[in-house]
Each structure stands twice: as C-alpha cells, then as structure tokens.
Amino acid sequence: MTSETWQPVIGLEVHVQLKTRTKLFCACSTAFGARPNTQTCPVCLGLPGTLPVPNLEAVRKAALAGVVLHCTVNDESKFDRKHYFYPDLPKNYQISQFDRPICSNGFLEAGGKKFRILRAHLEEDAGKLIHDQDPANSKVDLNRAGVPLVEIVSEADFRHADEAVAYLTELRAVLRAAGVSDCEMQEGSLRCDVNVSLRAGPDAPFGTKVEVKNLNSFKGVHKAILFEQSRQAAVLDAGQRVVSETRSFQADSETTVSLRSKEVASDYRFFPEPDLPPLKLREAGIDVEALRRGLPELPAAQRERLLRQYGLKPYDVEILTREREVTEWFEACAGLYPNAQTLAGWLKTEVLEFSVNRGVALASFCMTPQRMAAFLADMDRRGLNRSRQRELFGKVVSAGGDVATALQDVKDEAIGDAGALEALVDEVIREHGPVAEQYRTGKDEALSFLMGQVMKKSKGRAKGGAVSAIFLKRLRP
Amino acid sequence: MPTSLTAVQIRDKVTTGELTARAVAEAHLAKIEAEDGKIHAFLHVMKEEALAAADAVDAKRKAGGKLGPLAGVPVAIKDNLCTKGVPTTCASRILEGWRPPYDATVIERLRAADAVLIGKTNLDEFAMGSSTENSAFGPTRNPHDLTRTPGGSSGGSAAAVAAGFAPLALGSDTGGSIRQPAACCGVVGMKPTYGAVSRYGLIAFASSLDQVGPFSRNVEDAWELLKVLSGKDRDSRDQTSYPAAFAGWGPLNRDLPLGGVRIGMPKEYLGDGLDPECRAAVDAARRAFEGRGATIVEVSLPNTAQGIPTYYLVATVEAASNLARYDATHFGVRKGDAAHSRGAGFGPEVKRRIALGTFASSAGYSDAYYVKALKARRLILNDFDEAFRRCDVILCPTAPTPAFKLGEKSADPIQMYLSDVYTVGANLAGIPGIAIPWGTSKGRLPLGVQLLGPAQQEDRLFAVARALEGAR
Chain A
1 MTSETWQPVI GLEVHVQLKT RTKLFCACST AFGARPNTQT CPVCLGLPGT LPVPNLEAVR
61 KAALAGVVLH CTVNDESKFD RKHYFYPDLP KNYQISQFDR PICSNGFLEA GGKKFRILRA
121 HLEEDAGKLI HDQDPANSKV DLNRAGVPLV EIVSEADFRH ADEAVAYLTE LRAVLRAAGV
181 SDCEMQEGSL RCDVNVSLRA GPDAPFGTKV EVKNLNSFKG VHKAILFEQS RQAAVLDAGQ
241 RVVSETRSFQ ADSETTVSLR SKEVASDYRF FPEPDLPPLK LREAGIDVEA LRRGLPELPA
301 AQRERLLRQY GLKPYDVEIL TREREVTEWF EACAGLYPNA QTLAGWLKTE VLEFSVNRGV
361 ALASFCMTPQ RMAAFLADMD RRGLNRSRQR ELFGKVVSAG GDVATALQDV KDEAIGDAGA
421 LEALVDEVIR EHGPVAEQYR TGKDEALSFL MGQVMKKSKG RAKGGAVSAI FLKRLRP
Chain B
1 MPTSLTAVQI RDKVTTGELT ARAVAEAHLA KIEAEDGKIH AFLHVMKEEA LAAADAVDAK
61 RKAGGKLGPL AGVPVAIKDN LCTKGVPTTC ASRILEGWRP PYDATVIERL RAADAVLIGK
121 TNLDEFAMGS STENSAFGPT RNPHDLTRTP GGSSGGSAAA VAAGFAPLAL GSDTGGSIRQ
181 PAACCGVVGM KPTYGAVSRY GLIAFASSLD QVGPFSRNVE DAWELLKVLS GKDRDSRDQT
241 SYPAAFAGWG PLNRDLPLGG VRIGMPKEYL GDGLDPECRA AVDAARRAFE GRGATIVEVS
301 LPNTAQGIPT YYLVATVEAA SNLARYDATH FGVRKGDAAH SRGAGFGPEV KRRIALGTFA
361 SSAGYSDAYY VKALKARRLI LNDFDEAFRR CDVILCPTAP TPAFKLGEKS ADPIQMYLSD
421 VYTVGANLAG IPGIAIPWGT SKGRLPLGVQ LLGPAQQEDR LFAVARALEG AR
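Those sequence lines, one after another, are chains A and B.
Numbering-wise, the first sequence is residues 1 to 477 according to the working numbering.
Numbering-wise, the second sequence is residues 1 to 472 according to the working numbering.
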C-alpha cells in the first residue's frame, strides 16, 4: 500500500468560550486581558469551603449553541467532576458534563456536506500557566479559571483537511451570528483539537487516532492535518503502527511533535458533582423553543438572501458575510444607494482598506453608510473613472467623511462634450499611430491602451463610453 | 456564674441588660484559660475578637438597637468552618496558617444574630474520625474522664459545651460527627435534614453527606441555634440547600402531648455490638415515652448492615475529590512536588480515605464499588421512608459504647468506623437526628439516646426530644 491510498479520518473537538459577563460558577468578570489574578474570588480560586452556583446566562448560551447546531437540547442534564492534577486547575478537578450533556446529536452543514455533532457540553475553563517570566518559577494566572465553555465534539466525519476548515469556518460564523461566542482564536475564545487517523479505504475500519493540540489558527488546523496524514502514512508504509498519543502542532515548522502517550488511558474518575443538583432548563426559566424563535438570521440563510435580494456574486457575498458588522454596514448602505453591486465593489476594497485594515472598526469609521451612499451618488453624477473616484474617496476620508464639504472645491465633472472628446481622441491617434493601427486591424486589446491615454490627458474626466464610441467611429467606421 | 447559664438565659439577660455580653465573654474566656490546658477543646481561642464582638453587642443595646436571637451568647466553632481572617485548619498540617478571606454562611448568620464567636475547636483531621485523635495538633480529652476521648469528629465542640466553655457550639456531621461526640460528652447534638443549613464555608469532607448542626446543653438551646443556622443563604451560595422549606419555625413546642405519637424502635439497631448500658439507656427512654402516653412500635431497617460499607464508599469517593485541591500550590508547606507535599501534609487516616475513595471511583472499579454504594444508599433511604410510615420518630442508640479510652480503637480502623453504625443511616438518607443525654454509666460516663425524624420535620423531632428531656 502506498501513501496516496490511505484515507484520513478526522474528528474535531472545539472549545468555545460562551459570551457571558461573568464566569460559569461565580460572579467574576470574564473580560480578556486583565492583569493576572485580578478577576478571581474564593469560588474560582477553589478555596476550601466554597461551592459553585451555575450562571444561567452561560447555560442559556450553551442551549443556544445546541439550537443552532441542530442538537437535541436536553431539558435535564447534569454536572460531573473530571479529576486530574495540574497547577492551573485550582480544585484539581474540573466541573464538566460526562454522560448527560446539555446538547447531543446535532449537525452542521458546511461546503455542501453535513457533519454530525456528537455532543456539546458545558464546562469550566482552567487557568493559565506562564513559564517565560521567571527563569526559576512558573506562574499561574487564574483569571480564566471558571470561564464558561462549551465543548463541541464532532463525529469523525471529515475526510479532508479542507472539510475540517470549512466546518470550523461555518461553526465560527454560526456561533458568532447567534451571539453564543466571539470565537476569537487569538484570545482563546475558540480552541480546537483535531483527531486524525488513517485507514486503508472508505470501508476499512478506523485506524489508531492521534490527537493534535496547540492549534491557534484555521490555517494551522489545515497544516496539522496534512502533516499528520503524511507522517502516519510514512509510519504505516514502513510497516509500523501508529502510536496513540497527543501531539502538539508547531506553527513555525508546520509539524507536530509528541506531547504524551495515550496508550494507557488516563482515568478522570468522573462522578456526579455532589454540589450541584441536576440542571433543568425549564425549571431554570430557559425556554429552548423561545431561543429558537428568537434566533437572528443565520449565515447560510443570510448568504442565500444576499445573493437573491441584491444580485451579488457568490464571492462578494462570502466576503460581505465574514463579519457581522460588514454585513450590517452593507445592508444599511444598500438601503440608501440602489446599485448594490457597485457598493459591494467599494466595500470589499476601499472601504475595508481604509477602515478595518487600518485598525478602525466599521462602526466607528467616518464613512458611515449614509455618507457612503451620498458619496456614491456624487460619483455617479460626476461620471469620473474609477481611479479618480478612488482619489476623491481618499480625500473625503481624510477630511473626516463629510462628502459635500470635502468635495465642494472639486470642480471636475466628466467631459461629455463631443467636440472636446474628438479633439482628444485625434490627438492620441496621432501620437500613438502604431497602436491605433493595431486596433484598426482588429486587435481589440489595443483599445484599452488608447482609452488610457485619453483619460490621462483629461485627468480622468473623459466619459469612457463616449470615448470608446469615438475610437470606433474613427478607426473602425 | 455565666458559664452555667443556658444560651436562652444569657440571651435574655443580655437583652434586658441584667448581664453584659462582655461579662459573659470574659467569664467563658477565663474558664477556657483555666481549664482547656487539660482538655484541649480549642485549637484557637478568639479572645480579642470575642471581647470586641461582646462590646459591640453591649454598645448596640445601649444605643437602643434591637438585639439578635443569640445576643451575647458565646459560640464555639468547629475548625472546619471558614472564619474570615481567623485561622481555619481542619486540624490538618496542610491548612496550617491559612486564614480564609471569607466567612461561612453559618458564621455570617451567627454574627448577624449577635452571637459571640469564642474560638475554633479541635476535630479529627478534615472531620475524618470518631475520637478527635486524628487531629494533627493533638487529641481532645473528654471532660467527664480525661483518659477518654470525647468522640468525634466534632470532639472539640462537644467537649467545649460539656466543659462549660460555651453554651453553644457548631459541629458538622457527615456520618455521626455531631451526634456521637454529643453522646460521649453528655450534651445535645443535632444533625439537620440535608439541605436545611447552607454548607457554604464548611470545608467539604463528603459533600452529599455533610451538614452543619448545633451542640448545646439542652434541647431548647439547640433549637434556638438551629433556627439561626437554617435561614436563607445570601445569594443561594449552596445549591443543595433549600432554606425556604425550613422557614417559619416558631419557639420550641415545650409541651407536645405524646399521646398518639408513635415511637419506632428499629430492631436492627438493638442487637449485637451494642453495649448493655447503652441498650439500657434506650430501654429507659422507651419507658419514659410509654409513661407519657406514646405508642411504641417495632420497625425494621433491613439494610442497616449495609450502612457502614455504603457510607465508607460514598464518603471516601467524595472526600478524595474534595481534598484534591490541597496540592501545596495554594495551601500548605511545599515539600517538593504536589504528591510529596500531600504526603507530608495529610495524616494517616486522611491518606487512608483518599486512597480508598480514589480506588472506589477508578475506571473498572467504580461500578463495583461507588455505583453499587449509590444503589445501597437508595435502599437505606427507602428503609427509612418505610419505617416513617409506621412511626413518627425513631428511638435508637447514638453510639454503640460510652466514651472509649484514648488509643483504645486507634490501632483498628474498622472498630473505629463501627462507632458510627447507628448514625450513618441519617446521613445517607438525609434525615434529621438528635442525640440527647440519658443517664450515666456505672463508670460515671454519659449515656444517651438518638431520635431520628423524617426529612424537613425538625420542629416535630425537637418537640418529641424536648418531651423526652422533660421526662428525665
């Protein structure tokens, strides 16, 4: 058997931080980036005698995740303790859900394929160990300890790294749209572990799986899966067996290295959390059907609608729906300016370039949807070519966004006067005789060069349509 | 002498101004200073705090403020209850020097009731034991006979009340840790229904069994203290407590007519292993009930024999988990890695129970031990439900023997575990139980009996206990 014929089997375990103001079992803030150990209390520090109190907002968001992932949201679930000794885990057990999770048996469609979701359960996050501040000691930051997570466990339904990335992209979009989580990988509010194994063919039994951790981008997930495929294929091709283990992705070398063996299963000694009664959603005032009814438009439906309603190209829709604020900005502007395709063109290039790409959120960008609509209307009236329009856009942005004020001294309007345009065209034909000749003898591509020369002479003000008509009249009568 | 007054008497005298809270506190502190050297009920005497709290009560009275239901009453606190800024050790080296940054709910409630916290009392390490000999800081001795143990694990609290160091004390009862030392020391000790009192700030031994309860020298004082303890928890910080079901208790019914009250006697609690003098005390209590017109019925708790093994599986599995946090990262003297620090910080009984609990919850063994124990627990609960269809209150022994000698059982853990044979049932079933003194042995040791009632029926249980006390 050669490496090309091995089929990868991939499963994903995604930890998502629920978007709540406070932690899962205490009232401490979940805000990211605070000074170490400033967002802690006796409960999340695991001090002796303290007890957990569930945060119902976190429970509600977990149920919401179940709704958007087409899961059965279980009216009754329970918490369990998962035991392991680690310095970032204050109680040396994690409150999680073992055999009765809040959500089970769902799916997510991505890239035209349905991926099954086994379960999504609530659990508390651990703290963070900091090894690089003190050469002699490791430090512990417990701000993150107790932050609410849902762990979303897929079935091993992925057969290619692309599928895994498509799923993750859609998962992120769906959870963000529903307000379940921010899903910021940089801030750790979305973390992903990948299980990869190889098998001989589509009907062969699953091989030994390897878990890869430390993935901090979707690109990393993709690279890690491809690396594991070739690494495991090489092992199998050499007649050896794949070792069950946890490996760590190395972003710089795009490889994985062994962290620890899984040959001896670790025993977490799960047992029901005696400090918490079973979690009952209805009793807690969480109405799953109401959550379903209150859902905002989800990405798949939104993409469909944008295609239909505005007649956009699929690629533009994809860009416009990557971030909710972009979609909202677009729709606000499209309500004021009729040519949605033109607007989409501006948004995906100049608007994002002058705002988000320069670190300015669209919400605080000086070109509000209203101003943009006014700007585009102004441009339509002037009829200038695109590069001149772009210049003026820059001018408006640097003047703070007020279109009328910024452009009041700009006198240039398109030159539509036939006599003036004919004079310019004749001048260009004279100066670029060989090119004009090429066009005359049938080379269509030569026209754009000739047009460009006219635009240059007119400083972009010549009306394109009229100019090409004159060239046609002169050279191909 | 203020040290011979009951809690209710002190409260009333302080409220009327006949006695100052300061005089009460000083008298108790003086007695502790004079006599606790030989008893060792306290691990930490809160002298300054107690005087300051007493002065505050007196000042409040002078200013015309309304005093709480325990105004000026000294209360001794088992040292597994968190007291803000005051050392809280669980009698363990691993918590030595730790001062909690917060008060347990029951401590908050005592302070709000104008009680005066007088000190932290000795216990078996992490409440694991029946003699208070497992304290890392030395045993407590029984005030009735200094060669004997006060029972345990709340031995310090029981001894403090018996010795007159405080009219009231708090204990915790996981398998009998209030009732058995109460019996050994000749005082009243009571375990409430599971969920009646918030566990927030009680350092967990076995979460599904632990319950905080009162010690006192008479039934009425225990009732007054329980009413303070069982109120609402701020922010519902213990999700397993439900104080609303226990609200609205009035004064103790001191004159419950016993005519028609059915007293059940479980035959399984009166057989082999019960000391003849303890058996005689139960018989005497039965006659007292009969004399007052109660009906005696024989009941059966057929799964009694499963009580101790079930208890030692459920309790140790939860304990192994609850004690995992003591890894010397946050608490305790660090001796190398977490494992070595735990080895140095925990005493032998705690280690034995962590080992047992870890084993019983391990993959491959959990079904055979822990899961089976949960099933047995259900059967034991059913036994009590069945028995309470036939009777209103169960009368039975509290401990199989009177107070035993120091060292007598420490070499044999099983013998020690059997001290709880009549008490673990109430914890496994979550029902309330009260130990009350009943006579004295030939060796002049206290004897006592235990009354058990259905869940949430503390008011009736106390009224029956008071009636029995009145017949003494």
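Don't read these hints as lab results, they were simulated from the structure.
It is possible that some hints are incorrect.
[Unchecked claim] Each pair of labels, with its calculated beta carbon distance range:
#: 1; chain 1: B; residue 1: TYR365; chain 2: A; residue 2: PRO277; range: 37 to 47 Å
#: 2; chain 1: A; residue 1: VAL264; chain 2: B; residue 2: GLU277; range: 46 to 56 Å
#: 3; chain 1: A; residue 1: GLU328; chain 2: B; residue 2: PRO101; range: 43 to 53 Å
#: 4; chain 1: B; residue 1: PRO309; chain 2: A; residue 2: VAL264; range: 28 to 38 Å
#: 5; chain 1: A; residue 1: GLN133; chain 2: B; residue 2: GLY343; range: 22 to 32 Å
#: 6; chain 1: B; residue 1: GLY97; chain 2: A; residue 2: PRO135; range: 27 to 37 Å
#: 7; chain 1: A; residue 1: ALA200; chain 2: B; residue 2: TYR365; range: 36 to 46 Å
#: 8; chain 1: B; residue 1: GLY97; chain 2: A; residue 2: ARG282; range: 30 to 40 Å
#: 9; chain 1: A; residue 1: ARG282; chain 2: B; residue 2: PRO309; range: 29 to 39 Å
#: 10; chain 1: B; residue 1: LYS47; chain 2: A; residue 2: GLU263; range: 40 to 50 Å
#: 11; chain 1: B; residue 1: GLY343; chain 2: A; residue 2: GLU263; range: 20 to 30 Å
#: 12; chain 1: A; residue 1: ASP182; chain 2: B; residue 2: ARG378; range: 18 to 28 Å
#: 13; chain 1: B; residue 1: GLY343; chain 2: A; residue 2: LYS128; range: 23 to 33 Å
#: 14; chain 1: B; residue 1: GLY343; chain 2: A; residue 2: LEU56; range: 51 to 61 Å
All residues carry an ideal CB built from backbone N, CA and C; glycine is no exception.
Take a look at whether the Cβ-Cβ distance between LYS47/B and GLU263/A falls inside 40 to 50 Å.
violated, 59 Å
Quick check on a hinted range of 30 to 40 Å for GLY97/B and ARG282/A, using CB atoms only.
At 47 Å between Cβs, range violated.
Satisfaction of the hinted span 18 to 28 Å by the C-beta atoms belonging to ASP182/A and ARG378/B: Roughly 44 Å apart at Cβ, these two residues miss the hinted range, so it is violated.
- Query: Taking 43 to 53 Å as the hint, is the beta-carbon distance of GLU328/A and PRO101/B inside that range?
  - Reply: holds, 45 Å
Taking the Cβ atom of GLN133/A and the Cβ atom of GLY343/B, is their distance within the range 22 to 32 Å? holds, 30 Å
| query | Range hint 46 to 56 Å: satisfied by the CB atoms of VAL264/A and GLU277/B? | reply | holds, 55 Å
Just to be sure I understand the hint, the distance between the Cβ atoms of ARG282/A and PRO309/B should be within 29 to 39 Å; is that true here? Between ARG282/A and PRO309/B, where Cβ atoms are some 38 Å apart, the hint holds.
Given the hint of 36 to 46 Å, check if ALA200/A and TYR365/B actually sit that far apart at their C-beta atoms.
Taking Cβ atoms as reference, ALA200/A and TYR365/B lie about 37 Å apart, which means the hint holds.
Worksheet item: Honestly, do GLY343/B and LEU56/A meet the 51 to 61 Å range at C-beta?
Response: Roughly 41 Å apart at Cβ, these two residues miss the hinted range, so it is violated.
*Honestly, do GLY343/B and GLU263/A meet the 20 to 30 Å range at C-beta?*
holds, 28 Å
C-beta pair GLY97/B, PRO135/A: status relative to the range 27 to 37 Å that was hinted
About 28 Å separates the Cβ atoms of GLY97/B and PRO135/A, which means 27 to 37 Å holds.
Practice problem: Just tell me: holds or violated, for the beta carbon distance of GLY343/B and LYS128/A against 23 to 33 Å? | Solution: For LYS128/A against GLY343/B, whose Cβ atoms are near 28 Å apart, the range 23 to 33 Å holds.
Checked against the numbered hints above, the structure violates hints 1, 8, 10, 12, 14; every other hint is satisfied.
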